[in-house]
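Residue numbers (my numbering), protein chains in the order written: chain A, 1 to 157; chain B, 1 to 599; chain C, 1 to 160.
Simulated from the structure, these hints should not be mistaken for lab results.
Source: prediction; values computed, not measured.
All C-beta atoms in this analysis are idealised placements derived from N, C-alpha and C, irrespective of residue type, glycine included.
Hints should not be assumed to be uniformly reliable.
Stated by the list, open to error - Some chain A residues near chain C, calculated using beta-carbon distances under 8 Å: (1) L63; (2) A66; (3) H69; (4) T70; (5) A73; (6) A76; (7) A77.
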Amino acid sequence: MSTAPPVARAYDGLRPKILQRLMEIRSTLDPTLGRLDEVTAGAQINAVLDHLGNYLATGDLGLHRAFLHTFLAMRAAEAQGPAAVLAMLVAIGDTAAQVAQEDGAGSPAGTELTLMLTRVTASTARAVNDLIAEELERRLAQWRELSTKEQKGLPPS
Amino acid sequence: MIVDPSLGLYVVLDGMGGANAGDIASQTARDAIAEFVAARRTAMDPRALLETAIQHACATVWNSAQTNRDRHGMGTTVVACLVVDPASRGEPGSLHAGAKRAIIAHVGDSRCYLLRAGRLQSLTRDHTIVEELVDRGLLSAEEAERHPYKNVLSRNLGAKPETRVDVVDLELKSGDRLLLCSDGLYGYASAEAIQYLLGSGDAPEHVARDLIDLALRGGGGDNVSTIVIETPQVAPTSTQVVRTHGAVAWWQKRQRFLQVAKERGITRNPICRGLSQDEALDLVALSLCQAIFHDLEKSTGVNVWTFAQNLAGPWFERGGEWSAVRNLIDILGMSARTVVDEIRGLDSKLGFLLDIAVSRALVVAELALGGLLAERLRQVDADLIHVHAAIGETIETADLPDDSARFLDSPTVPFLRPDRPVTSSGVSQEVLSAIGKTLTIARARTSPRAELVKQILETLETIATDSSGNFAAAVTAARELYGIRTVDDSGIMPIFDALDAARIITASSVHQISAPDALRAKVLAAISSAHQRLVAAMTGLVLEAVAPYSERLREAQGVTAQLRDQVARAERKRAELEKKFATTIDQSQPWEKRGTTEW
Amino acid sequence: MSDVDLIEAVSVLRDEVLDTVEHGDRDPPGAEVFEALLRALSIGGESVPGLDLQLHDSVTRRLAWGDSEEVLLADAEMVFDRLMVAVERALRDPADRMVVIEAATQVAVTVARVVSLAAVGRAARDRAARLREELAQRQLKEVVEKQRASIVRLELETGE
Numbered sequence: 001m002s003t004a005p006p007v008a009r010a011y012d013g014l015r016p017k018i019l020q021r022l023m024e025i026r027s028t029l030d031p032t033l034g035r036l037d038e039v040t041a042g043a044q045i046n047a048v049l050d051h052l053g054n055y056l057a058t059g060d061l062g063l064h065r066a067f068l069h070t071f072l073a074m075r076a077a078e079a080q081g082p083a084a085v086l087a088m089l090v091a092i093g094d095t096a097a098q099v100a101q102e103d104g105a106g107s108p109a110g111t112e113l114t115l116m117l118t119r120v121t122a123s124t125a126r127a128v129n130d131l132i133a134e135e136l137e138r139r140l141a142q143w144r145e146l147s148t149k150e151q152k153g154l155p156p157s
Numbered sequence: 001m002i003v004d005p006s007l008g009l010y011v012v013l014d015g016m017g018g019a020n021a022g023d024i025a026s027q028t029a030r031d032a033i034a035e036f037v038a039a040r041r042t043a044m045d046p047r048a049l050l051e052t053a054i055q056h057a058c059a060t061v062w063n064s065a066q067t068n069r070d071r072h073g074m075g076t077t078v079v080a081c082l083v084v085d086p087a088s089r090g091e092p093g094s095l096h097a098g099a100k101r102a103i104i105a106h107v108g109d110s111r112c113y114l115l116r117a118g119r120l121q122s123l124t125r126d127h128t129i130v131e132e133l134v135d136r137g138l139l140s141a142e143e144a145e146r147h148p149y150k151n152v153l154s155r156n157l158g159a160k161p162e163t164r165v166d167v168v169d170l171e172l173k174s175g176d177r178l179l180l181c182s183d184g185l186y187g188y189a190s191a192e193a194i195q196y197l198l199g200s201g202d203a204p205e206h207v208a209r210d211l212i213d214l215a216l217r218g219g220g221g222d223n224v225s226t227i228v229i230e231t232p233q234v235a236p237t238s239t240q241v242v243r244t245h246g247a248v249a250w251w252q253k254r255q256r257f258l259q260v261a262k263e264r265g266i267t268r269n270p271i272c273r274g275l276s277q278d279e280a281l282d283l284v285a286l287s288l289c290q291a292i293f294h295d296l297e298k299s300t301g302v303n304v305w306t307f308a309q310n311l312a313g314p315w316f317e318r319g320g321e322w323s324a325v326r327n328l329i330d331i332l333g334m335s336a337r338t339v340v341d342e343i344r345g346l347d348s349k350l351g352f353l354l355d356i357a358v359s360r361a362l363v364v365a366e367l368a369l370g371g372l373l374a375e376r377l378r379q380v381d382a383d384l385i386h387v388h389a390a391i392g393e394t395i396e397t398a399d400l401p402d403d404s405a406r407f408l409d410s411p412t413v414p415f416l417r418p419d420r421p422v423t424s425s426g427v428s429q430e431v432l433s434a435i436g437k438t439l440t441i442a443r444a445r446t447s448p449r450a451e452l453v454k455q456i457l458e459t460l461e462t463i464a465t466d467s468s469g470n471f472a473a474a475v476t477a478a479r480e481l482y483g484i485r486t487v488d489d490s491g492i493m494p495i496f497d498a499l500d501a502a503r504i505i506t507a508s509s510v511h512q513i514s515a516p517d518a519l520r521a522k523v524l525a526a527i528s529s530a531h532q533r534l535v536a537a538m539t540g541l542v543l544e545a546v547a548p549y550s551e552r553l554r555e556a557q558g559v560t561a562q563l564r565d566q567v568a569r570a571e572r573k574r575a576e577l578e579k580k581f582a583t584t585i586d587q588s589q590p591w592e593k594r595g596t597t598e599w
Numbered sequence: 001m002s003d004v005d006l007i008e009a010v011s012v013l014r015d016e017v018l019d020t021v022e023h024g025d026r027d028p029p030g031a032e033v034f035e036a037l038l039r040a041l042s043i044g045g046e047s048v049p050g051l052d053l054q055l056h057d058s059v060t061r062r063l064a065w066g067d068s069e070e071v072l073l074a075d076a077e078m079v080f081d082r083l084m085v086a087v088e089r090a091l092r093d094p095a096d097r098m099v100v101i102e103a104a105t106q107v108a109v110t111v112a113r114v115v116s117l118a119a120v121g122r123a124a125r126d127r128a129a130r131l132r133e134e135l136a137q138r139q140l141k142e143v144v145e146k147q148r149a150s151i152v153r154l155e156l157e158t159g160e
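Let the sequences and hints guide you as you build the complete structure.
This is the structure we're talking about:
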């Protein structure tokens, strides 16, 4: 597995193009993003790109999961479901990889960055699914507990 | 629908209205548009042609509704695409003739999507009341997403003689695909699934059929209309390499894939329980191998998407755990990586391209699985809400509104104030006497079991003869009748059923008193006014009963907003520290060995 | 007066009963009640599901535009009161007046039913939304804890 410094630097160099492409297609990432003004939408997308850059540099899955946990919870509080959040994050990763592939035009550096971004996207999707599954377990446990109370006709607490 | 390549005209319509009025509306509009465009295609500018054709259809539907009482209220949505070949000076033509421009017009919530470079985007915005409120700045985008009435249309063809038509002019690029569809599709299929199917590379008519099947599997009815229009594509070189050499190289390594999967224990996974070793390899590992092969051939993700859904869907429905699916995908992923590494050993460039393509395939699988997990979460949430409602309990033991509480002396709903003035024309002694006679007859005709109806008839007399000029009599009477009720359909509806029964019996009793018509009309007017006050007061009480639910929701939203601010502040700090940390990391370590997995 | 003539005679009262000032894409307040009255006159005096359905659609549209149930109720009362006055003035035959009054009362009860159902539906939605808020709050509280731990770790790692 290659080391990341050239990849992380290549990513930083490509950031403006990636951001520009994402801003052009932002309504396809998430309907709410399409309605926001450019500055606000750009700030939200940049936050994700910032973190992706850090993850490319650090490879720290723990920090990556922490970011995703926060991201999912904030979007849930805005009534955005986890499937939509997952789709948005994958779309951001896919688009970044696409830009890298176009920009790299078959060069080894370009291919390597494209591959890294694709794997980061896969890792992101897996981490999000783990978080959804954990939340699902918690709510199932809650539902079982309340169902038992309901069946026993216990009074409200 | 209209699919007319010779005209370059493609239209989807979705009718609405009782009985078969919706079908009549959509057919009327369809015929009007087709006729209009055919007659004027060379005489008008294409954009004006399409817009005017739709206006003409709107007027036609409206006129038809006015002349026939059964069709009153009928209407239809429409999304239309007129394809233009600029080289032919505005002559409509098929896309295969080299057309590069599409004009899209719509009214309502039928949509046009564009698939370009693998991304799906909507070219139309639904004409719903909620969208109009967002445009005017009266609702935020966030509020719009969770608005209970977000599907209520603000425009359609037929509600009025004319309407506003939204038009988009689009320059088409190589490889573009357009999808016209009704809400019967997007209401029952996720955007991701639509994206993958649309990008599958299959012929447009097959894709259209697959989309309909997708909607039906998602629980949709038979009211799904789709049209797919495509422009020919020239794929980039790297994509062509993967499609041809990459796919072949992958398929040639399928036995190796199966071997690695077996070595890594795929047959011991709980999902494969009950299957023989060969069956497990065949039905699971080989299926994924084939799915990846077909997706590589066509540069799509639809086959892997379908594989993941078919694998995990029934498993989750049976209560199966995520860990089993996760483990299975890990095994298959590692098997795929082994194969790709071996190919790279023989051909480095092909190997890299294949690595990217196969990694993408695994992303698609995770995406499909995430959709299933999220759907399961949504179902559990609905069950949780249901059981909460059943036992009247909240997570944090906050007090719920007490349904047995007496009404407040100062009502929360201003409409319900007893001192609110009401229109009162005063009644003569003659009318008062006739009111009494009428309601006496009505009570006598009421079944002894209909106790509530009898009570209503008594209160009507009190309200009709009240001369205070305010709402007090109606409110007092309504409270007596309302008593103690649950705030749901079963608690409320018996009251309104009884009010309606009282209305009917009163109306017929008026005709039974010996009096001239003029006096009867005054009696009926007085009793009806009383009736109107009573039902209004009753509704006011219902509004008062539900008010605490809204209040408690607002309180909860306030708490959530505070927590969000707290999280956002901490996140900014964390992000700064993370950025700094990224510059200090030991870069000599391989990427996957840096940092920690704990969090 | 024949049924058709009576409906026509009542239709003419529209401007008098409603505030028909230009409302853009929206109908004037109470228009849905007046339209329901005309439908009730053409149907007859018995309760009919069709009346409920169309009135339900109209009420839903008003609520979607952001009007409260209370405003709808007040508009329905206004229309009823104005109609009583207009009918007294415009229709000479008491039998005709009675037909219109009966239809108006039918509509009043139906409007009240539909608005009450909408309010009860809102209560159920608010209750469910409140539970979702509480679930989201729990998630956010967990995030706060994890963030604290993350920040402590990163401060150690970066020497802050």
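Hints versus structure:
no.	hint	verdict
1	L63	holds, 7 Å
2	A66	holds, 5 Å
3	H69	holds, 6 Å
4	T70	holds, 5 Å
5	A73	holds, 4 Å
6	A76	holds, 5 Å
7	A77	holds, 4 Å
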